[in-house]
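Using the sequences and the hints given, assemble the complete structure.
The chain contents come next:
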Amino acid sequence: MNATNEAEIKQATRRYVYVFVALLAGTIVTVLASYIPFGNHAVNVAVALAIAATKAFLVAGYFMHLLSERKLIYGLLATTGFFFLGLMFLTVSSGADQLKSLFH
Amino acid sequence: MEIPYTVEPRPDTGLFNAKVGIWLFLASEVMLFGALFSSYIMLRVGSDVWPHGMLNVPIGTLNTIVLITSSITVVMAWASLKLKAFGKFKLYQGCTVLLAMTFVIIKSYEYHDKFTHYFVRYSAGSEVKELTGHIEGSPMNWTLATLNNPTRPISEIRIHPDVASGEHGHDSGAAHPEVITVPTKQIKKLESFGPWHLTYLAIYFTLTGLHALHVIGGALVIGYFWGPGSRMWYSDPERFTNRVEVAGLFWHFVDLVWIFLFPVLYLL
Numbered sequence: 001m002n003a004t005n006e007a008e009i010k011q012a013t014r015r016y017v018y019v020f021v022a023l024l025a026g027t028i029v030t031v032l033a034s035y036i037p038f039g040n041h042a043v044n045v046a047v048a049l050a051i052a053a054t055k056a057f058l059v060a061g062y063f064m065h066l067l068s069e070r071k072l073i074y075g076l077l078a079t080t081g082f083f084f085l086g087l088m089f090l091t092v093s094s095g096a097d098q099l100k101s102l103f104h
Numbered sequence: 105m106e107i108p109y110t111v112e113p114r115p116d117t118g119l120f121n122a123k124v125g126i127w128l129f130l131a132s133e134v135m136l137f138g139a140l141f142s143s144y145i146m147l148r149v150g151s152d153v154w155p156h157g158m159l160n161v162p163i164g165t166l167n168t169i170v171l172i173t174s175s176i177t178v179v180m181a182w183a184s185l186k187l188k189a190f191g192k193f194k195l196y197q198g199c200t201v202l203l204a205m206t207f208v209i210i211k212s213y214e215y216h217d218k219f220t221h222y223f224v225r226y227s228a229g230s231e232v233k234e235l236t237g238h239i240e241g242s243p244m245n246w247t248l249a250t251l252n253n254p255t256r257p258i259s260e261i262r263i264h265p266d267v268a269s270g271e272h273g274h275d276s277g278a279a280h281p282e283v284i285t286v287p288t289k290q291i292k293k294l295e296s297f298g299p300w301h302l303t304y305l306a307i308y309f310t311l312t313g314l315h316a317l318h319v320i321g322g323a324l325v326i327g328y329f330w331g332p333g334s335r336m337w338y339s340d341p342e343r344f345t346n347r348v349e350v351a352g353l354f355w356h357f358v359d360l361v362w363i364f365l366f367p368v369l370y371l372l
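Line by line, the protein sequences give chains A and B.
Read in order, the letters of the first sequence correspond to residues 1 to 104 in this note's numbering.
Read in order, the letters of the second sequence correspond to residues 105 to 372 in this note's numbering.
No lab work stands behind these hints, which were simulated from the structure alone.
One or more hints might be untrue.
[Said to hold, decoys possible] Pairs of lysine-lysine residues, derived as DSSO-like cross-links and limited to a Cα-Cα distance of at most 27 Å, are as follows:
1) A:K71 - B:K186
2) A:K10 - B:K289
3) B:K192 - A:K10
4) B:K218 - B:K289
5) B:K292 - B:K233
6) B:K211 - B:K194
7) A:K10 - B:K186
[What the hints assert, rightly or not] Here are some of the chain A residues that sit facing chain B, going by a computed Cβ distance under 7 Å:
8) Y16
9) F20
10) L23
11) T27
12) V31
13) I73
14) L76
15) T80
16) M88
[What the hints assert, rightly or not] Chain B regions said to be covered by chain A (calculated; three or more residues, Cβ under 8 Å):
17) 305-312
18) 336-345
Here a beta-carbon is modelled for each residue, glycine too, at the ideal position from N, C-alpha and C.
Here's what the structure looks like:
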């Protein structure tokens, strides 16, 4: 390991601590936000999922180093994301029983 | 035969093979949990009533913090190896294993609480009453058959009824109800809050049970690298560092799944 790498790793460890603090804060905000009566429960769901998505981005981006990963991994994840979204689309569509109406 | 590309990157992918392997595995895991999350959506959307406040939010929050903390210790363990600080690696990785065990212990406590929590329907004169609560002595998973077991019949049960709860299962401030004694012959139904009791509990146990299995599996691998597997550091440090990174990627995924499970099951 050369000096540059060592400095980079040390800088990364500081970043990990910031991310950790952000994750803890996100957890507390998630809990507190769930007690706020937004008037519509759908808003509570949207807020909680938005915070969860932000936390997931921090974990994947920094702890899993996805922000500086190779193209192959991005391609793999894009494919997974496509099928995941397809799965969710089919589920929501069938749940709403609107699949037929989309094609008629 | 030597396994190729355990340290140096493969020319076409630019990555060592285990890293490609773990990401492929994680992709399959996304679809596994995705299928269960979509099942959750189906069940919830299709349900007229969805229970709230059945789980203990402070305990769920504590477990979330435990898992997030384990995520930073696992990445710090990897960074320590990159900095050639093997002692620090041992410290961080040891903490990860302890935190994983803490998570499982807390989860077990939550499960135990569900299996000792009961729904009771009984006749009282001409009325049929229903209540939920804990049976004295905290027996696990009793049914009507348990009470009527001919070799060891139980003539009555003493129930500590639940306090009327507010949002998220918080105590509403109501006085604690008195213990109710119900003779077995009056009981029509006795059921613990296992996965069979409610659709919500079925998906709760399925999702958290599968997640807990991942925690246990990950902890075993991380524990191996912390213990006997760490000998590789002295013979092939680069390869050992890559192994720790791959195990860490799995561990972060386990954390990532919980980040979504916690609000979905405990808060919403």
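Legend entry - Violations among the numbered hints, reported as their numbers in ascending order: 2, 17 and 18
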